[in-house]
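**Q** Each chain, written out:
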Amino acid sequence: MLMHEVLVVGGGLAGLMAALVASQKADVAVLSKIYPTRSHSGAAQGGFNAALGEDDSIESHIFDTVKGSDYLGDQDAIEVLCSEGPEVILELERMGVPWTRTPEGRVAQRSLGGAGFPRACFAADFSGHVVLHTLFEQVLRRGIKIYPEWHLVELLMEDGQVAGVLAYDLARARLEVIRSKAVILATGGYGRAFAKTTNAHANTGDGMAIAYRAGAVLSDMEFVQFHPTTLYGTNILISEAARGEGGYLRNYDGERFMVHYAPQKMELAPRDVVSRAIFKEIKEGRGFEGQYVHLDLTHLGEALVAERLPQVRDLAIRYAGVDPARAPMPIEPAQHYSMGGVRTDTWGMTSLPGLLAAGEVANVSVHGANRLGGNSLLETVVFGRRAGHRAAQLARQEPWPTLSAATITRAYESWSSLLAGRGQGVQEDSTFAIRQEMTNLMTSQVGVFRVGSELEDAVNRLAKLKERYQRLKAPGGMQPFNYALMDYLEVGYLLDLCEVIARGALRRTESRGAHYRLDYPQRDDQNWLCHTFVRRGEDGPEFSNGPVKITRYAPQERGY
Amino acid sequence: MNVVLNICRFNPGVDVKPYFQEFTVLVEEHNTVLDALLQAWQQDPGLSFRRSCRSAICGSCALCINGRPGLACQTLIRNAITEGGRITLEPLPHFRQLKDLVVDLDPFFESLKAVVPWVVIRDNHDGHMAPEVARKLESPATCILCGVCHAAMDDPGEVKPAAVVKGLRLALDPRDALGAARLQLMKVPRDILKLFIKDLPDRCPKGITLPEEVLML
Numbered sequence: 001m002l003m004h005e006v007l008v009v010g011g012g013l014a015g016l017m018a019a020l021v022a023s024q025k026a027d028v029a030v031l032s033k034i035y036p037t038r039s040h041s042g043a044a045q046g047g048f049n050a051a052l053g054e055d056d057s058i059e060s061h062i063f064d065t066v067k068g069s070d071y072l073g074d075q076d077a078i079e080v081l082c083s084e085g086p087e088v089i090l091e092l093e094r095m096g097v098p099w100t101r102t103p104e105g106r107v108a109q110r111s112l113g114g115a116g117f118p119r120a121c122f123a124a125d126f127s128g129h130v131v132l133h134t135l136f137e138q139v140l141r142r143g144i145k146i147y148p149e150w151h152l153v154e155l156l157m158e159d160g161q162v163a164g165v166l167a168y169d170l171a172r173a174r175l176e177v178i179r180s181k182a183v184i185l186a187t188g189g190y191g192r193a194f195a196k197t198t199n200a201h202a203n204t205g206d207g208m209a210i211a212y213r214a215g216a217v218l219s220d221m222e223f224v225q226f227h228p229t230t231l232y233g234t235n236i237l238i239s240e241a242a243r244g245e246g247g248y249l250r251n252y253d254g255e256r257f258m259v260h261y262a263p264q265k266m267e268l269a270p271r272d273v274v275s276r277a278i279f280k281e282i283k284e285g286r287g288f289e290g291q292y293v294h295l296d297l298t299h300l301g302e303a304l305v306a307e308r309l310p311q312v313r314d315l316a317i318r319y320a321g322v323d324p325a326r327a328p329m330p331i332e333p334a335q336h337y338s339m340g341g342v343r344t345d346t347w348g349m350t351s352l353p354g355l356l357a358a359g360e361v362a363n364v365s366v367h368g369a370n371r372l373g374g375n376s377l378l379e380t381v382v383f384g385r386r387a388g389h390r391a392a393q394l395a396r397q398e399p400w401p402t403l404s405a406a407t408i409t410r411a412y413e414s415w416s417s418l419l420a421g422r423g424q425g426v427q428e429d430s431t432f433a434i435r436q437e438m439t440n441l442m443t444s445q446v447g448v449f450r451v452g453s454e455l456e457d458a459v460n461r462l463a464k465l466k467e468r469y470q471r472l473k474a475p476g477g478m479q480p481f482n483y484a485l486m487d488y489l490e491v492g493y494l495l496d497l498c499e500v501i502a503r504g505a506l507r508r509t510e511s512r513g514a515h516y517r518l519d520y521p522q523r524d525d526q527n528w529l530c531h532t533f534v535r536r537g538e539d540g541p542e543f544s545n546g547p548v549k550i551t552r553y554a555p556q557e558r559g560y
Numbered sequence: 001m002n003v004v005l006n007i008c009r010f011n012p013g014v015d016v017k018p019y020f021q022e023f024t025v026l027v028e029e030h031n032t033v034l035d036a037l038l039q040a041w042q043q044d045p046g047l048s049f050r051r052s053c054r055s056a057i058c059g060s061c062a063l064c065i066n067g068r069p070g071l072a073c074q075t076l077i078r079n080a081i082t083e084g085g086r087i088t089l090e091p092l093p094h095f096r097q098l099k100d101l102v103v104d105l106d107p108f109f110e111s112l113k114a115v116v117p118w119v120v121i122r123d124n125h126d127g128h129m130a131p132e133v134a135r136k137l138e139s140p141a142t143c144i145l146c147g148v149c150h151a152a153m154d155d156p157g158e159v160k161p162a163a164v165v166k167g168l169r170l171a172l173d174p175r176d177a178l179g180a181a182r183l184q185l186m187k188v189p190r191d192i193l194k195l196f197i198k199d200l201p202d203r204c205p206k207g208i209t210l211p212e213e214v215l216m217l
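Chains A and B, in that order, give the protein sequences.
Here the first sequence is numbered in the working numbering, starting from 1 and rising by one per residue.
Here the second sequence is numbered in the working numbering, starting from 1 and rising by one per residue.
By construction, these hints were calculated from the structure, which means they are not laboratory data.
Treat the hints with care, as some may be off.
Calculated cross-link-like contacts (lysine to aspartate or glutamate; reagent style EDC-like; alpha-carbon spacing at most 16 Å) [what the hints assert, rightly or not]: (1) A:Lys-145 - B:Asp-106; (2) A:Lys-549 - A:Asp-525; (3) B:Lys-136 - A:Asp-539; (4) A:Lys-549 - A:Glu-104; (5) A:Lys-473 - A:Glu-456; (6) B:Lys-136 - B:Asp-155; (7) A:Lys-145 - B:Glu-110; (8) A:Lys-466 - A:Asp-525; (9) A:Lys-464 - A:Asp-525.
If we take Cβ atoms under 8 Å as the criterion, some of the chain B residues that face chain A in the derived model are [unchecked claim]: (10) Val-16; (11) Phe-20; (12) Glu-138; (13) Arg-175; (14) Ala-177.
Beta carbons: idealized from backbone N, C-alpha and C, even for Gly.
From just these sequences and the hints, can you work out the full model?
**A** Here is the structure:
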């Protein structure tokens with residue numbers, strides 16, 4: 001049996017930051033289902049928000065974030081996020097992040113949506129990538145143990161406390177127990193629940209679902225971000241930086257249609273506003289082929305596109321056959337980010353003792369009903385750092401939690417049996433078929449525009465998919481690099497989360513941030529200025545409401 | 001269009017040696033080799049290959065396409081298809097095949113450690129960097145550690161190309177205390193480094209360029 005005082009699950013920005021900080025005071029390991037440098041944090045392009053500029057202020061960053069969240073963000077957590085931003089950026093600078101610079105040699109900043117100032121620190125449009133690789137360098141420097149291509153399958157609980165994990169080593173096809181004093185989940189989001197998503201194949205919500213199954217509280221799961229600008233067809237991300245650098249959105253008539261939706265912020269309104277505007281244009285017949293609109297960078301000039309948006313340019317040329325310096329890109333909104341997640345306090349502590357969470361998997365909640373561009377990367381490093389700090393503290397103060405032989409045997413045997421594919425199985429059904437139906441359903445009925453009847457139908461159909469899933473037999477058995485077996489587990493995680501998302505969306509009879517109900521188009525502070533908490537009960541998810549932390553900013557009408 | 005993927009299969013627990021298996025998949029010209037592979041996977045869920053981002057930033061899906069190392073997600077069908085509508089897929093050369101298209105990456109990641117792969121921060125660094133200096137770091141910092149440069153060498157021998165890219169990128173960084181000493185650390189003769197730098201943009205999926213001046217440090 002393996003033992004690490006602190007076990008970080010997930011090797012993206014939040015996970016590596018947590019591991020680095022915890023390793024200063026505790027024995028730490030990182031378990032990740034892909035090699036850390038493969039993590040989807042690396043696909044983030046735009047930047048990290050921090051109020052570094054002389055004209056900017058932490059106060060202004062806080063207000064923009066609160067307003068961006070449609071007043072559902074917890075203001076104490078947002079204060080932490082924004083206050084610690086500047087120092088974390090400088091810490092990353094000293095670790096070796098190759099930030100783009102101003103003529104004076106300072107870290108350069110660009111505008112992203114919903115922000116009052118150019119506030120996002122960046123490295124061309126490889127911002128997430130360069131920070132991920134810099135943190136990985138530091139992990140090598142500190143000699144932190146990595147378990148690459150190990151999948152978390154269960155949190156091992158003893159007397160209500162997380163005492164370790166059961167993990168599956170994909171290469172050796174073995175189940176392993178790792179005991180620990182603190183487990184930090186940093187497993188990212190569940191984008192692959194949707195047919196149209198910017199997310200990587202790996203983003204299947206494992207940590208969120210496994211925490212939920214262990215009894216942790218999830219919150220605000222109905223709030224799903226749809227990024228306005230993804231390449232039509234492939235849904236590959238085209239960074240908000242493209243608009244931050246001056247790009248225009250145009251409809252079929254060539255009109256900058258954002259003038260009708262956000263006359264002040266225009267293209268740099270928050271993502272929920274822009275995604276709705278695009279869909280409305282398309283629906284009312286002002287899209288191209290009834291499917292997409294244009295993101296136009298041609299007026300920016302080739303030099304600026306090449307210097308500031310090289311990745312965007314490569315992606316558009318390769319995957320859409322369009323050079324954005326010369327022609328507009330066809331774009332459509334697609335699922336991008338999960339505002340909801342495992343409920344935590346501002347130190348990453350979840351409702352389960354011994355379990356922490358940071359980054360997209362967590363809901364702390366700094367994004368509320370809608371996340372601003374540049375705030376998720378900041379969240380990963382700020383709250384990764386805090387979770388690492390808290391976990392190390394636990395490791396110093398707490399004794400090793402008990403983990404009984406009975407618990408280990410029960411988990412080991414039930415998972416061995418499941419993974420070995422024992423049982424009947426249904427020949428004519430498959431993970432592929434269920435996945436396809438689930439993802440299409442989520443995109444078409446639990447998307448940007450929602451309505452009660454469709455959500456109800458989605459809930460019913462998801463329940464049927466779940467029944468079908470439960471009759472499947474795990475494919476291929478415990479064999480090295482059996483990806484079909486992992487795919488089978490991942491679809492199971494996604495089905496659990498889809499149920500929570502769809503039922504949460506049906507339950508919340510108002511429109512706020514990214515959650516838009518055609519049958520309840522107004523924000524309803526009287527009844528719904530509250531978090532949605534959900535816990536797994538005997539007969540499925542049990543929902544309740546929780547208070548939003550409001551310190552300085554009372555809810556106002558949100559206009560851009 | 002129908003495309004025939006000719007895929008190198010190997011399951012060490014079962015097969016004595018690798019063999020090829022054909023899969024016929026229905027794809028469009030503008031789809032990627034990864035799209036085709038995902039279809040083959042539906043036909044045989046036991047087929048093993050790595051993939052994640054599908055936008056050439058994570059480096060997971062590096063493999064050998066018609067004998068040339070590259071990323072499956074970055075290679076369009078129209079650029080990969082050969083006579084008779086065939087595409088041959090093999091694991092990366094110079095890496096140990098573990099199963100089908102999956103290779104052993106541990107020695108590759110391990111090789112980075114030889115070049116002290118992190119900035120050793122100078123005591124007097126004040127947080128500033130001239131923008132023209134920062135710009136020189138940009139291209140080598142886009143390395144995705146996919147292993148393609150290693151696989152593309154005729155005989156890598158003792159040269160660990162990804163580690164060289166990392167080492168040279170750090171040598172260019174004015175924050176780094178080691179600087180020019182990194183060239184000694186690499187233990188690779190300068191003429192070989194020079195040749196490597198020259199060939200790199202063509203071999204690297206990210207088209208990484210390193211200024212030759214790094215060798216003059």
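**Q** Are there hints from earlier that the structure breaks, and if so, what are their numbers?
**A** 3, 4, 5, 6, 8, 9, 10, 11, 14
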